[in-house]
Amino acid sequence: MMEHIAHDETSFVRPAEIGEMELYHPKTWLGKYVFSQDAKTIAIQYAATAIAIGMVALVLSWLMRLQLAWPNIFNFIDPAYYLQAVTMHGMIMVVYLLTALFLGGFGNYLIPLMVGARDMVFPWLNMISFWVYFTAVVLLAASFFVGGGSTGAGWTLYPPQAILPGTPGSEAGILLMLASLAVFIIGFTMGGLNYVVTILQARTRGMTLMRMPLTVWGIFVATVLALFAFPALFVSAIMMSLDVLLGTSFFMPAIMTMGNEADHVGGNPLLFQHLFWFFGHPEVYIVALPAFGIVSDLISVHARKNIFGYRMMVWAIVVIGALSFVVWAHHMYVSGMNPYFGFFFATTTLIIAVPTALKVYNWVLTLWQGNIHFTVPMLFSIAFLLFFINGGMTGLFLGNATVSMPLSDTLFVVAHFHMVMAVAPVMVVCGAIYHWYPKITGRWYHEGMARFHFWVTFVGSYLVFLPMHYLGIMGVPRRYFEISGTTFLPDSAQSVNASITIAALVVGFAQLVFLYNLIVSAFNGRQASGNPWNATTLEWQTEHTPPEHGNFGKELPCVYRWAYDYSVPGVEEDFIPQNVPPGNAQA
Amino acid sequence: MTNIFTEQPWIADTGPIAPALSGAQIAVNSRRSALKMLLSVVSVFFLLMIVAYGGRMLYQDWRPTPQINLLWANTGVLLLSSLCLQASLMWARTGKTAWVRGGLVAAAVLTLLFLVGQLAAWQQLTTMVLGDFSNPSVGFFLMITGIHGLHMAGGMVALTRAMTRAFGRSDVRSMEHNVSNCALYWHYLLGVWLVVFGLLFTGNNFEILLRICGFI
Amino acid sequence: MVVAIILLVLVLGTVVFHVLSPWYFTPIASNWSSMDDTVTLTFVVTGLGFVLVNLFIAYCLIKFRTKEGRRAEYEPESIKLETWLTGLTTVAIAAMLAPGLLIWKDVVTPPDEAMELEVLARQWNWSYRLPGADGRLGAVAVSHTSEDNPLGIDPSDPFGQDDVIVYDPVMHLKVDQPVTFLLRSNDVLHNFTVPQFRVKMDFVPGQVSYIWAEPTAEGSYDLLCEELCGVGHYAMRGRIIVDSEESYADWLLDQPTFAETQAELATDLVAGQGSYAVCSSCHGANGEGNQAMHSPRLAGMDGEYMRRQLRHFKQGVRGTHEDDTWGQTMAPMAMMLADAAAINNVVSYIGTLSGQSEFDDEAHYNLSAAVERYEPASSGDPSKSAALYQSTCAQCHGDDGEGVWTVNAPALTGLDDWYLATQIKNFRDGIRGRHADDLYGLQMGLVSNTMTTDQAIEDMVAYISGLENPNQPVKLAQQR
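Chains as they are written, first to last, in the working numbering: chain A, 1 to 587; chain B, 1 to 216; chain C, 1 to 480.
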């Protein structure tokens, strides 16, 4: 490793000039493409795995929607199967798709490039991190095939039901789920330490923290959140596994099950909920903060204008991240916890809306007086704004204990969190993929297919989730296999459900077009230049496109300015890359 | 580096730019930084378990953890292994190769002894009256000691690496940071153990603490 | 440009949809109109913010779209503007939070005059308990729970003796009388939701949670479980009937106390045998049933199930659907049983019957086959229904069709195949189990919806016929 270089405090030699700086050199095909230690390859592996398992979750959502729209027509969907689909859809989308894609995918690709490093600081650990994640995905997928099937306890996995008969997959399914989560967390911790330390230690010269692009800030704070939040899930997964395997009573009080008294005494189911949401709420921001960061950069680049209020944007990310640890029990207003907690958590929850709103204002003010190019990434950013504002507003309903009470556990909640942490981040994912696609592949995606994908996804997703709020307001509970037999719901509720399903299926198929475009264009697309968007950040200033291993050529770039020098007065070009020294900008 | 609170990032640099660190220095700093980060994550992990323990303890049916005297001996062993590492670190700084090697081996042996001792404590526990799994404090005991033990076992990987290096090279000064990282990790886990042991597994200290703080 | 117009359409469409669509809260029937007011307030404030910000975006998109020679302004930040916007947002948020917190105080503080009502939830049904004359609920424990004492009341606690037991998912409340619902679960998490009351709260096993409301309008309301509690979650329905003061008092008179339910356990077999004389003309002297008369075999049928069905026939909950010809025949027969004690007696007597046919001749069966709606279950393929039985039916009726008493699901083994098939079909087609107060019937109806074809029902019956119930070693076929 590194010890052959003399450890000498005074020898400040630029890495590129120290011969080869510890770059990993694959010797075999396996080492280059499978067990690669290059962050960019690992990023693509992460993204591909996440999207693959995400497609499974997408198909599960179609099955759910089919049942809800036309109950009992598709008779391979029985109540148990439905609950399994609900559970696996949620868990895969939140943890295995979005978390892995934003941090493992975008984080790996963008952090070293954007901070001007040759690679992550621990490339080997990075490679292991991916394969541990991959193992977690395999364990998760395996649970579909074991006896009793995957768990159907809802993605929240609440005990006691998660481990009792009466819930699908309460034997092998739940244990595999818990094992998979534990493995995921171990893998993530390896990756997460890597991302954080790379940002803290391996930034290039001149790249102060306040000059980092907001993308890096978003991923950085999200990673820190994840590092501190996942242990709660890890602990609860261990405790629940012990309850099953050893018969301990962490979460299991004295109960009856299937007509008989169970062996447990004195456990506390609410303890699990507190632990789960201590993880679960930061998890929302683990998904949202990278999206916030990325969308800031997309808007800035494609509006040719500096992000408005960069400093506030940074501090808002940090404050949101910190506050996200003291709002968890707003998921538990009707959980049976001491209801007096409601005062505290309603207040903290609504406070968190203030920095979030400020972020929205600053995105909008970045558009103001901009020079807006309606590129595909920009279109997706605009879509993000609509969904995020909508979902953020409904968050004010659900965060406020009193207002949330009639709405909790209904489809209103489902609509809210899909708007704010499913569709909105996915808009950013799509925008970001289109934005960086020319850099990652060196080729252009098919513009027509991309626009088709955008319009269907944008309008379609809105048609899916807007009416869903009103089903919730009417009182349709979530996680119901079907809603017939009630006296308070009008028959038209069922037609709303059917229309949602039709829109959802259309949106789902548009994602297939997206994938087709990504795969085919990687081989057939038009060649892209190194900096097609005229962007300032370092990843666009690499010598090669796609960047070669080591990212930058012989010499690492030196940073002289922030990432948002767009349309600077007195400069002819409307952008100045971060590595352009002050004197050279006028040219 | 300018102050992140007052920096106005849109103002471009005009003065000289800070010199870059060498790749080796980046690697050393990164490991230290990653270790500190890891330890803070581990802190959250143990803190959550202690909080869960406290929350569970307030229920009426709580039965205290059985007292196992062997744990006192184990604590002493862990303390010694931590001291060995601290000594190795000092010897590494002054270049006493043989001493470093001896210190590392001693630390490793003591750590293994600690782990064996913990297993023996489990063994004892299962034979005790209160040792059935339906007793929540037994569940907590198994979980917390088990996870602590796994962390020690994980540390053994790093310690083994440090040992191979110490035995494979004559100059131990260049591996000072390896020893230093091991020492930090051991001290930290010793600290965790002392907190966990003192608070949860010796008498009713945690309850007394909660009482003093007014939670009960 | 197009995106700006589409954005405008979506945003304005949202507003129009909100104002014009018929889909909104179901009319309120409790004191919590203040809760609705906070929702309305939040809609106004957030709606305003939503529209304004999006209109501004659309304006920017149109005004500042790229064109030849356009160049963006350069403005790193404006602390003043950001401070103003933050301040305004804070004010708006405080305006929503403050009333929320004030009303939350009411939500968590039941008034002194509130009446206590314990709701016991378990997979997947509801029962209720009122404090008796002494005004105090007796102690309960999971360990006391049994078929004879389904609510788990401590028999040694004097306060429990006069507790009023409602062992049925239908509960009555008095209008304008505040109620504190004490929520207790025996197995997993559940949730108490009456959409018209607005408030809801989870049940957590091992503790008692609470919520309170004052019903303000007479009527019959759905009670839903809104916390995922297993396969039967969506079918865990109850009913809350809000009565006038008089009808509530009448209803209350009919409800047994705990002491009474325990006393009724000692049944009079002789009296039961007397009452059974009427039954035997159709169901046979030994309870063996008579297919020709569409009378199911009674011997081996679950006791609690029979009591409930007789009650339902008596109350007009079952046997009133116009297509339920045989149920209509049964209903007047059940009327002949005067009270709960009579029902108990006859059910106990049926429990002693052998189910042996008096004349065991093939011709008898062949005769009845001609009038059957169904082919015998031999036409079904049990392998096709095994998956559905195991994933869904077994959750209530048990892996071996032995029935699970806490779910109030009767044993399925020992029933005639033709009878099973008819009943499942009746459940599915809404001929049985659709009366508003027949929540178990609804449950079964919802589940039988998954068997869309008659063949699926035949397959299921064939599967059930093959089950080996450990509690009922002698199978029906062998008896024949």
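Treat the hints with caution; some may be incorrect.
Listed below are several chain C residues computed to face chain B (Cβ distance under 10 Å; list not exhaustive) [claimed, not checked]:
#1 76
#2 206
#3 251
#4 254
Just so you know, the hints here were simulated from the structure itself, not pulled from any lab data. All values reported here derive from a predicted model rather than from experimental measurement. No residue lacks a Cβ here, since even glycine has one placed at the ideal position from N, Cα and C.
Hint check results:
1. Taking 10 Å as the C-beta contact cut-off toward chain B, the hint placing residue 76 of chain C at the interface holds, the least distance being around 4 Å.
2. Taken as an interface hint, residue 206 of chain C checks out: its beta carbon lies about 9 Å from the nearest beta carbon of chain B, inside 10 Å.
3. The restraint placing residue 251 of chain C at the interface with chain B is violated, with a minimum CB-CB distance near 37 Å, outside the 10 Å limit.
4. Hint on residue 254 of chain C is violated. Least Cβ distance to chain B is approximately 38 Å, over the 10 Å limit.
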